[in-house]
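Quick note, the sequences are listed as chains S and U, same order.
The numbering of the first sequence is this note's numbering, which starts it at 869 and goes up by one.
The numbering of the second sequence is this note's numbering, which starts it at 13 and goes up by one.
The hints are simulated quantities; they were obtained by calculation from the structure and are not laboratory data.
It is possible that part of the hints are untrue.
Computed from the model, here is a short list of chain S residues facing chain U with C-beta under 7 Å [claimed, not checked]:
hint : residue
1    : LYS980
2    : ASN981
3    : THR1001
Below, in silico cross-link-like pairs of lysine-lysine (DSBU-like), each with a Cα-Cα straight-line distance of 30 Å or less [as the list claims (entries may be wrong)]:
hint : chain 1 : residue 1 : chain 2 : residue 2
4    : U       : LYS397    : U       : LYS604
5    : S       : LYS932    : S       : LYS897
6    : S       : LYS891    : U       : LYS397
7    : U       : LYS567    : S       : LYS980
8    : U       : LYS150    : S       : LYS973
9    : S       : LYS932    : U       : LYS219
Every residue, glycine too, gets a C-beta built ideally from N, C-alpha and C.
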Amino acid sequence: MNSSVITFPGSNCDRDMHVALKKFGFKNKMIWHNSVELPKSDIVVLPGGFSYGDYLRCGSMASKSKIMQSVINFAKGGGKVLGICNGFQILVESGLLPGILLRNKYLEFICKNVFVKINNKDNSYFRGIKKKTLELHIAHNEGNYFCSKKQIKEIENNNQIALYYSDERGNIDDNNNPNGSIKNIAGIFNKEKNVLGMMPHPERMIDSSLSGEDGSIFFENLINNLK
Amino acid sequence: MIVNEQIAVDHGLKKEEYKKICNLLKRVPNITELGIFSAMWNEHCSYKSSRLHLKNLPSKGKNVIQGPGENAGVIDIGDDDAIVFKIESHNHPSFIEPYQGAATGVGGIMRDVFTMGARPIANLNSIHFGSPQHKKTKNLLRGVVHGIGGYSNCMGVPTIAGQTSFDESYNGNILVNAMTLGLVKKNKIFYSKAAGLSKPVIYVGSKTGRDGIHGASMASAVFDEKIEEKKPTVQVGDPFTEKLLLEACLELMTGDSIIAIQDMGAAGLTSSSIEMASKGSLGIEINLNKVPCRETKMTPYEIMLSESQERMLIVLENGKEELAKKIFDKWNLDFAVIGKTTKSKKIELYFDEEKVVDVPINILVENSPMYNRKWKKAKLPKRIKVDKEKFKNLKIINVLNKILSNPNICSKEWIWQQYDQTVMGDTIQKPGGDAGVVRIHGTNKAVAASVDSSAVYCWAHPLSGGKQIVCESWRNLIAVGAKPIAITNCLNFGSPENEENMGEFVESVLGLGEASSYLDFPVVSGNVSFYNQTKDIGIKPTPTIGGVGLIKNYKNMVTIDLKQTGNILLVIGKTEGHLDQSLFSRDILNEKNGPPPEINLFNEKNNGITILKLIDKKFIKAAHDVSLGGIITALSKMCIKGKKGALLKKPNYLINEFEYFFGEDQGRYIIEIEKNNLNNVTEMLEKNSVHYDELGTVNDNELIINDKSKVSIDDLIKSHTTWLINYMSK
Chain S
869 MNSSVITFPG SNCDRDMHVA LKKFGFKNKM IWHNSVELPK SDIVVLPGGF SYGDYLRCGS
929 MASKSKIMQS VINFAKGGGK VLGICNGFQI LVESGLLPGI LLRNKYLEFI CKNVFVKINN
989 KDNSYFRGIK KKTLELHIAH NEGNYFCSKK QIKEIENNNQ IALYYSDERG NIDDNNNPNG
1049 SIKNIAGIFN KEKNVLGMMP HPERMIDSSL SGEDGSIFFE NLINNLK
Chain U
13 MIVNEQIAVD HGLKKEEYKK ICNLLKRVPN ITELGIFSAM WNEHCSYKSS RLHLKNLPSK
73 GKNVIQGPGE NAGVIDIGDD DAIVFKIESH NHPSFIEPYQ GAATGVGGIM RDVFTMGARP
133 IANLNSIHFG SPQHKKTKNL LRGVVHGIGG YSNCMGVPTI AGQTSFDESY NGNILVNAMT
193 LGLVKKNKIF YSKAAGLSKP VIYVGSKTGR DGIHGASMAS AVFDEKIEEK KPTVQVGDPF
253 TEKLLLEACL ELMTGDSIIA IQDMGAAGLT SSSIEMASKG SLGIEINLNK VPCRETKMTP
313 YEIMLSESQE RMLIVLENGK EELAKKIFDK WNLDFAVIGK TTKSKKIELY FDEEKVVDVP
373 INILVENSPM YNRKWKKAKL PKRIKVDKEK FKNLKIINVL NKILSNPNIC SKEWIWQQYD
433 QTVMGDTIQK PGGDAGVVRI HGTNKAVAAS VDSSAVYCWA HPLSGGKQIV CESWRNLIAV
493 GAKPIAITNC LNFGSPENEE NMGEFVESVL GLGEASSYLD FPVVSGNVSF YNQTKDIGIK
553 PTPTIGGVGL IKNYKNMVTI DLKQTGNILL VIGKTEGHLD QSLFSRDILN EKNGPPPEIN
613 LFNEKNNGIT ILKLIDKKFI KAAHDVSLGG IITALSKMCI KGKKGALLKK PNYLINEFEY
673 FFGEDQGRYI IEIEKNNLNN VTEMLEKNSV HYDELGTVND NELIINDKSK VSIDDLIKSH
733 TTWLINYMSK
């Protein structure tokens, strides 16, 4: 399986993503933002970080960088595109995903473990995962997902919500909403479910010495589904 | 402008220093030259009051690759890997403008580390604020934490440990000390010593603006009511540019183009150019018109004294300019050849085709003032005879809950949750334990780091206090299973011109040196911050120690959380019940006098080495050093982290329950071991002549002391976690 991780100026989870993809069997290439063409890829990943310093709006300038036109074309042709954290922000800014990510409700950066409930398993990202919830790690300042009432209806009707912030058993409530996201949304798909954006970082949870191992479940499952 | 004595004094120079400059130059300096002298001769850059005392600190050891005098210290951790690390203060700017002050402090220390070729892999910080009741404290705390997070999170470097304290002596002078660890291959370390004639001098990074002019001079003066006017001396940070600068520098460093490299930190282009030339016994010539400027019509004076951030000065091999430029272009950073090395041994600056500065470098560096300041020796305070009647009305659980919610003990989760602790994917111990631990990427090794200070002990008796912090740093590393290797120090004091403050400095440094030499725990880098003083009142002396240790196999790392009900708890080290200067005495008995606990370096070393042996044999399931708040506080934190209780019995000592549980004797640890290992462990302790007490066993949900006092772990968690959250949300 071939993967490509895009490095923008200011990306800082690109190496972590590279390490994780390699660990679970992907042949990964790092692609510089100024490149025009994507190499042949089974999945393209937009990593976390602070592309362009998060200046203007998070993800906004990166969404206009050269490589993004190819990423957009790739996604429109059905290619799998995964955006984590800042990558999620770039996906909404580029129009591949609906909505926007606002500053966290309490206006502070949050770094901690959270549980997310998987809402839709009928796609290549989560098909086959037995667990109802995953323990993942968040580290962001702008993860407060927001969209219009009309949009949320559409998102729900199309079953586009991928992950909700929840407790360990999957209960979704305000106590388990770290950043104020509408409906506790932690990740969403596009209509076709080939594009996924999520705030939590599975790449930081890939061995027992780290904050947890549920990231391994995500990647192992992903490569199996793409085969 | 014709320079005179008054202008020199306005630049922070003393009258006699100005006379010395005129004598050495054999003429009156022009205004740019005077600016350069004031930048090089201020306390912050010249260490004029501290140099004499610092040279006595032990700085050598078998693992030391580079001691003090470079951008940071370097230690060997085996397999050709080396760790570059340093701590630095950014106190004055953080009080004036907390966000930018703290942010640029973090940015500056990371630059010191990657200047040497090392990729930063961990950040730590030690921050100290005034009384929680003081009107400025809350905003300063919020601003500093946002600033630290804002910079380090964007850089993608995890913040793995820290220390926060509150004390009214910081009401008018907060402390912000930032530490960075970087990883480099031993044969790829870069230094600041220039070499070779007519080598191109390159400027890279951000453009030069008018921010931060005289920052280092501001940091060398006492605060007064005009402090708000000093805002323009605070630099403004841009972590995005620094991230680009980091990647660009590391990319250039993979080749062999660089002869010397120096970041532009305090005193900007002035100190970086002069230091590189001075170390190489060379001269340097710069055309200031070539320096990339952010604003128009900047004068030579402003260009030389600007402290704009995210800039580097590089001496390149001839012919490598194009290759280097390509890399900096790729990262969208400014790149300019601004001068060359010369044999003149002078700094010669040109502007609009006119020579504007012409000063021999040795005058600026070797001839800079050095003072043997007067200092007063501190007396060891008399022991306080605590009236035992005072204990009668106290209930141990109430006291414990009060101590756990004390601002200096309570959980600092509100703070570290705002720092990215896990980026880079190698953090295996996050804040909240004895030390932060990160793996050396792709290996079985890990490095542990901790920052510590004990201002109250240093204030009561600087010599003992100085020893104590080194010991505490050593213990924190031991407790996670790391072999302590070396330290960096950040020496925060009041005015050196005050004999008592100077005495505090001299004696703390003596204590620090004695302990680090005994423990074979050398000082490889550091920084001095004097004049932490508002009008006549200095802060409590606050030397901060950043310790670094090595764990050979990261799977053997130990944490503080209790693991298994039924396991046995031992206290390692002797408990005498020393209450003077303890949190219990100050907070519960309201007794602020008396000496700090005594340090027995033999026991400290022996206990630590024995603990490491026990960890090596995998006997220890959890460990925690005993410090502020004594045995019961340490144990409660172990309970809270592990969500476990404990059944405790005070051993049959001749001391009172409160003395036993809240005393702050040094050299102690609490360890958790399995029942079937008890004999093996006690045998080893006895063989090594280490004192231990059997304190009790791990329990399910309750902490029970001497069968009679009980508290649930949920209650302890509440006491421990609510104070700071409530304080910040009010």
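Going through the hints against the structure:
{"no.": "1", "hint": "LYS980", "verdict": "holds, 6 Å"}
{"no.": "2", "hint": "ASN981", "verdict": "violated, 9 Å"}
{"no.": "3", "hint": "THR1001", "verdict": "violated, 19 Å"}
{"no.": "4", "hint": "LYS397/U x LYS604/U", "verdict": "holds, 13 Å"}
{"no.": "5", "hint": "LYS932/S x LYS897/S", "verdict": "holds, 21 Å"}
{"no.": "6", "hint": "LYS891/S x LYS397/U", "verdict": "violated, 63 Å"}
{"no.": "7", "hint": "LYS567/U x LYS980/S", "verdict": "holds, 22 Å"}
{"no.": "8", "hint": "LYS150/U x LYS973/S", "verdict": "holds, 20 Å"}
{"no.": "9", "hint": "LYS932/S x LYS219/U", "verdict": "holds, 25 Å"}
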